[in-house]
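Chain residues, written in single-letter form:
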Amino acid sequence: MFLNAANSGQFFYLVPFVVIFPIIGLLINIIFGGRMGEKAIGAIACLASGLSFGVAVLLGLALIGRPEGVLVPYLDWITAGNLQLAWGFRVDTLSVTMMLVVGGVGTLIHIYAVGYMHIDVRLNNDPNRFRRFFVFFNLFIAAMMILVSADNYMMLFIGWEGVGLCSYLLIGFWYEKGKDGIGNALAGKKAFITNRIGDLGFLIAAFLMFKYLQPLSANGVFSFNFDTVATLAKQAPHGVILAITLFLLLGVTGKSAQLPLYVWLPDAMAGPTPVSALIHAATMVTAGVYLIARSHAIYSLVPVAQNWVAFVGGATALFAATIAVAQFDIKKVLAYSTISQLGYMVAAVGMGAFTAGMFHLVMHAFFKALLFLGAGSIIQGVERGEHTVEHDPVLKKRMKHEAHFDPQDMRNMGGLRNRMKTTFWVYLIAALALSGLVPLAGFWSKDEILAEASTLNPAVYWLLVLGAFFTAFYMGRQILMVFFGKARTEPAAHATESPAVMTVPLVILAVLSFVGGFINFPTFHAFTTWLEHTIQTVGEGVAAGEAAAGFNFTVSIISTVLVLAALSLSWYVYMQRTKELEKLPLNKRADDPLRPALGPVFTLLENKYWVDELYGYIVVKPYQWLSTFLAEKVDWDFWHDFFHDKILAAGFKGFTRLLSGPIDLGFIDGIANFLGDGFKELAAQMRKIQSGFVRNYALSIFIGVIFIIGYLIIRLG
Amino acid sequence: MLPINYYLGLAIILFIIGSLGVLIRRNAIVIFMSIELMLNAANLAFVAYARYWQAMRGQIFVFFIMTVAAAEVAIGLALIVTIFRTKDSIDVDQINTLKG
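If you're matching them up, the sequences are chains X and Z in order.
Position one of the first sequence corresponds to residue 107 (the numbering used here), numbered consecutively onward.
Position one of the second sequence corresponds to residue 1223 (the numbering used here), numbered consecutively onward.
Quick caveat, the hints were computed from the structure, so don't treat them as lab data.
Here the structure is a predicted model, which is why all the values come from computation and not from measurement.
Treat the hints with care, since some could be wrong.
With a cut-off of at most 30 Å between alpha-carbon atoms, the simulated DSBU-like pairs for lysine-lysine come out as follows [said to hold, decoys possible]:
| hint | chain 1 | residue 1 | chain 2 | residue 2 |
| --- | --- | --- | --- | --- |
| 1 | Z | Lys1309 | X | Lys794 |
| 2 | X | Lys502 | X | Lys527 |
| 3 | X | Lys794 | Z | Lys1321 |
| 4 | Z | Lys1321 | X | Lys786 |
| 5 | X | Lys689 | X | Lys503 |
| 6 | X | Lys739 | X | Lys752 |
Okay, chain Z solo, but in the shape it has when bound:
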């Protein structure tokens, strides 16, 4: 195995790219992809530490995260389809009717 820092560094970079994507991109699907990226970065960190500390816990937790990601994507995509049907666009900047 390589030194754990490399795995962590990769996880961090992936997380940062994912966060920037969530914050900066306007397309809702791209935001969801970024969220998946963040989740996978967390997965990578978990597996890396599981291997490092020879514990099975990290790997099992990855399954939980994957399940949550799948459920979240299902709901999120359903929401996006509904929004597209009303607004004919998936630009999140246009979803501002809750503006106070």
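Just chain X, with the same shape it has in the complex:
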């Protein structure tokens, strides 16, 4: 009966619940969270995320019976003239794949975060912030689900912005902490602003699409109906499609942390580790890859843009991998690793190997989330060790007192293999999966990308292969520095394993990292067939033949050899050379055996090629100068002090003084006074007639008589 329901397509109409469940979860936590305990808040949040995943599973089952997908309209949003945007849910294989990843990995991370945040809010002395974390976490799941299930570019953008917002909120979660008390807030700000530059690209592309590629019917390219895109593209002005694809690429470089807008991701490690795992490894940063996969039809029309995308991806992959080699913070290594792996995905979808890119996206979600969660477990283990040391006077004396003990610095770790066994084994599996060792998940996905690249774009292939070498090297370095050797500090020597609520999700993810690759085993290619219902891979000819033919042995052998070589090189450097270095006295001992070997190159890599400083010099400082200039010189000095105070205020006062003084008092009062004085003068003059002088009166009478008689004589005579 269940299968019948699945086959009849009833489950499709459950799709709004992938968004609604997390929203209900966050509303319950906001409204009632103050009265619930931590366990209840965590349970509600995990349940919301889990139910969302459950719905995604049901959708997947329904799609098996109807793989071409379904459009589920939900509500009308904007109707204005030609523009008719509705919120609809697109249930097809691509979006359901993303939903499964977001829901599944997201739920596991939610469970882990319950344990992690329980300890973290106590370490940071604010237990009341537990609820806020899970509200934001559920908001993120909701926004990401909106993004992947949207049926048109504008709803996708809503989700895009939503995840950007949650990223900002969660990076700056401990907003009063960090370097100088605002470090975390600055990191969040940097992420948001860099993302915004990408969003500008996305919006311009969306506007161009709406203007040039929208047929009169509502369901056009804007709504992911690409059937007519080729004919529409021919009618559009020259270069419009190229512009659209390149602006979308700008959006992708912002959200998926590619060159040149990747700089926010390492700083985003200021957020709690589950945030790094969920948002900056498994889901948000993959939104860009999803976007290009979704826009595959547009990209297929412009090989120039495809080349650009592939090169951006390949260059980023190599660039970030080299930086990761020289980083000491455990999370920064993983951050640069994420940027590098995203470069692989972007290169794959850029070349036209959309299914290979999506495959790597899913695999990467598994092992990168595992790596981050494992790193969180390690960090908290070391912090527990530090706590033990602080409270034991004997040990405290033995610990060398630095200004601030950094539990995330790999130089303070070592020998954790025996102290944190579960974490060690899962981390090892994840690291080997990332390096691409057969038969773990990363091997299959990365090799598929390399195989496609070797035929489609050889230059990018070499970039990616070189990146794979460095990937294996830095992961080997990390494993050896953290888990092997002797504990380098007291807290590391007293580290303890994390509780089950954290280790069980780690184990689940480890199993997925181990067996996950088999969903796209060559010659069966189940995943590729699944996705091809939505995306045709760079279809007709080369890659189709490639995918069907199966396995490129040469590429796989080259990559496996390189990986093993890199791992052995890392073993040599970090085990043998470290032993040799330890014979030197403390003040001559370098903190990393590579430093004396590579010298200035190591410093270059450790300082991330000084890109942040370069951006600061070229972009940030002039902008701050401009804003200070505008604020102080133009606004305050010129506008307020000069224009307002001197010209306007003084002018107005002068004008009113003019009006009140000379005009009102002088002129108008003058007229009034003049009239009054005039009359007084007149009266004074007329008063003189009343001289009291009798003879004058007699004379006046006499003259009057003469006039009257004269009148009478003249008139009547």
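Given chain X, put chain Z in place with the hints provided.
Coordinates of chain Z only, in the frame set by chain X:
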């Protein structure tokens, strides 16, 4: 009878002298005398025309004028005596307290 112009001319001359006396002299009694002179000049003109036009009206009107003159003099002299009692002078130039 002489031509009437002679009588009229005499009347006019008397009137003019009388007016000038009213206007120029300062002594109140002299002014009153001048006023009497003017009145008598008018009397002369009336009688002259009465004779000329053989009408009795002119002569009867002379009686009216004489009566008025007498009454006026009586009152006027009474006023002058009163003024003399207050100001000790009958110079009309000094009666200027109504000066405004």
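To see whether the hints hold, each was checked on the structure:
For a cut-off of 30 Å, the pair hint linking Lys1309 (chain Z) to Lys794 (chain X) stands: about 23 Å separates their Cα positions. In summary, the hint linking Lys502 (chain X) to Lys527 (chain X) is supported, as the alpha carbons are separated by about 25 Å, within the 30 Å threshold. The straight-line distance between the Cα atoms of Lys794 (chain X) and Lys1321 (chain Z) is roughly 8 Å, inside the 30 Å bound, and the hint therefore holds. Using a Cα cut-off of 30 Å, the hinted pair Lys1321 (chain Z) and Lys786 (chain X) holds, with the two alpha carbons roughly 17 Å apart.
The hinted pair formed by Lys689 (chain X) and Lys503 (chain X) meets the criterion: a straight-line CA distance of about 24 Å does not exceed 30 Å. Restraint check: the Cα-Cα separation between Lys739 (chain X) and Lys752 (chain X) comes to about 15 Å, which is no more than 30 Å; the hinted pair holds.
Comparing the model with each earlier hint shows no violations; every hint is respected.
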